[in-house]
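Asks: One-letter residues, chain by chain:
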Amino acid sequence: MHQAIISAATEGGTNPLVPNPWEMLVVFAGFAVLMFIVVKYVVPMFEKTFAERAEAIEGGIAKAEKAQAEASAALEEYKQQLTDARAEANRIREEARAEGAQILAELKEKAGAESARITAQAHAQIESERQAAVVSLRTEVGTLATTLASRIVGESLSDDARSARVVDRFLADLENQNAGVAK
Amino acid sequence: MIALALPAQDSGTFTPPGIEELHLPAILPWGAAEGFSKQMLLVILSVVIIATFFVLAARKQQLVPGKLQFAGEAAYGFVRNGIAKDIIGGRDFMKYVPLLFTLFFFILVNNIYGAIPVIQLPTFSHVGGAYVLAAIVYVTWIGIGVKKNGLRYFKLATVPTGVPWYILPIVIPIEIISNFLVRPVTHSLRLFATMLAGHLIVMIAGAGVEFLVMQESVLLKGASVLVLGGAIAMYMLEALIMVLQAYVFTLLTAIYIEGALHADSH
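Protein sequence lines correspond, in order, to chains A and B.
What the first sequence shows, in this note's numbering, is residues 432 to 614, in sequence order.
What the second sequence shows, in this note's numbering, is residues -11 to 254, in sequence order.
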């Protein structure tokens, strides 16, 4: 076999290491054309898909993260609302309690005032009745005393004018005495 | 099998097919001895196949890919992430994805031809194409190194740091030879030699089967079954090597580019 190759290489001019220039040219041209197509179309198209796919995956992750953030924000808001509602309920309860107490106090005050008014009215009525009694008593007591005195002293004291003066003086003295005691 | 199409051999001696079997007559001869060969047709066909597949796969892009788009994305992602991103890394790798991607699929399809019946000819079993691709890579990584570091790049690439001064006279020539002279040669010949050798082995095995079947003796005819089994095994191995070599060539390109980009930290 060695013999065959060596003889073929020497006699036939087919030394395997000597290239055919036309073939080299064709390989070079073919490679250049293929390289051009690859650079111009194949690599950009594949890279574009890779980039789009990466973007789609990252976009999906971003969307999921956003949804999660929204959900936690909603939860936070809900909790906040719950706390607010509780605080509101407490506040309303406190207000109602305070209002009730106020109403109670007002009612008490009103009742007090009413009772005071009634008492005052009663006092005034009693006072006026007393005054009336005093007035009527004054005349009546005068008449009675005069009658009594005229009965005691007889006809001598029948002069009306005189007896009235005597009674008035007497009563005035009595009042002055009362006043002095009151002081 | 090409060998099977050869005229019947003398029953007495076995003449294995040689390298000249890889040089088929030109399909469309012109001018000089060389014409439009099968290799040239296959190269053009590979460009059409790769461009059609990936443009179709990438054309109707959807976020949830269909079958074709998924296959295209898997293939593209293999070079983009499995080679460019892993080896070059950082933020720079996107710039070199088109080169690595084109290299990988250009070599892969041109190699796989060798495993497809009727076509059955890996393009890089001719050394010219391998030279061209290795030269493109060679110019690319040196260009990247010079652009990144200026002319200082040649010093960075040949003078290793942390080596005692008295060893430098030995190390520097070795570095120059290994980085700037041997590297493109091994890069191209690795691809070429594996394709040539693999193709030759399958071809010889095929010729051997044919030769044994033609023999008078029943024992020799029976022995052809063993050779056929071996031929199938070699064919499988060759198919694996075709994919592997496309990967290795691209991987080495990525490593060279990475080395040129980060020459100051090596």
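Calculated directly from the structure, the hints in this document are not laboratory data.
Each hint should be verified, as a subset may be incorrect.
Quick list of the computed label-pair ranges, beta carbon to beta carbon [claimed, not checked]:
no. : chain 1 : residue 1 : chain 2 : residue 2 : range
1   : A       : Asn446    : B       : Gly210    : 35 to 41 Å
2   : A       : Ala495    : B       : Lys143    : 38 to 44 Å
3   : A       : Ala495    : B       : Val134    : 34 to 40 Å
4   : A       : Val464    : B       : Pro105    : 52 to 58 Å
5   : A       : Ala495    : B       : Ile220    : 54 to 60 Å
6   : A       : Gly490    : B       : Leu156    : 28 to 34 Å
7   : A       : Ile492    : B       : Met224    : 44 to 50 Å
8   : B       : Phe58     : A       : Ala495    : 21 to 27 Å
9   : A       : Ala495    : B       : Lys83     : 40 to 46 Å
10  : B       : Ile164    : A       : Lys494    : 30 to 36 Å
Far from chain B, some chain A residues (derived; all Cβ distances over 10 Å) [what the hints assert, rightly or not]:
no. : residue
11  : Asn451
12  : Val470
13  : Lys479
14  : Thr480
15  : Ile492
16  : Arg522
17  : Glu540
18  : Lys541
19  : Ala544
20  : Ala563
21  : Glu571
22  : Arg596
Since the structure is predicted, the reported quantities are computational estimates derived from the model, not experimental observations.
Where a beta carbon is used, it is the ideal one built from N, C-alpha and C, also for glycine.
Asks: All the hints need checking, so say for each whether the structure fits it.
Replies: Taking the hints in turn, this is what the structure says about them:
| no. | hint | verdict |
| --- | --- | --- |
| 1 | Asn446/A / Gly210/B: 35 to 41 Å | holds, 39 Å |
| 2 | Ala495/A / Lys143/B: 38 to 44 Å | violated, 54 Å |
| 3 | Ala495/A / Val134/B: 34 to 40 Å | violated, 49 Å |
| 4 | Val464/A / Pro105/B: 52 to 58 Å | violated, 27 Å |
| 5 | Ala495/A / Ile220/B: 54 to 60 Å | holds, 55 Å |
| 6 | Gly490/A / Leu156/B: 28 to 34 Å | violated, 57 Å |
| 7 | Ile492/A / Met224/B: 44 to 50 Å | holds, 46 Å |
| 8 | Phe58/B / Ala495/A: 21 to 27 Å | holds, 26 Å |
| 9 | Ala495/A / Lys83/B: 40 to 46 Å | violated, 35 Å |
| 10 | Ile164/B / Lys494/A: 30 to 36 Å | violated, 58 Å |
| 11 | Asn451 | violated, 5 Å |
| 12 | Val470 | violated, 5 Å |
| 13 | Lys479 | violated, 7 Å |
| 14 | Thr480 | violated, 4 Å |
| 15 | Ile492 | holds, 15 Å |
| 16 | Arg522 | holds, 56 Å |
| 17 | Glu540 | holds, 81 Å |
| 18 | Lys541 | holds, 82 Å |
| 19 | Ala544 | holds, 86 Å |
| 20 | Ala563 | holds, 113 Å |
| 21 | Glu571 | holds, 125 Å |
| 22 | Arg596 | holds, 134 Å |
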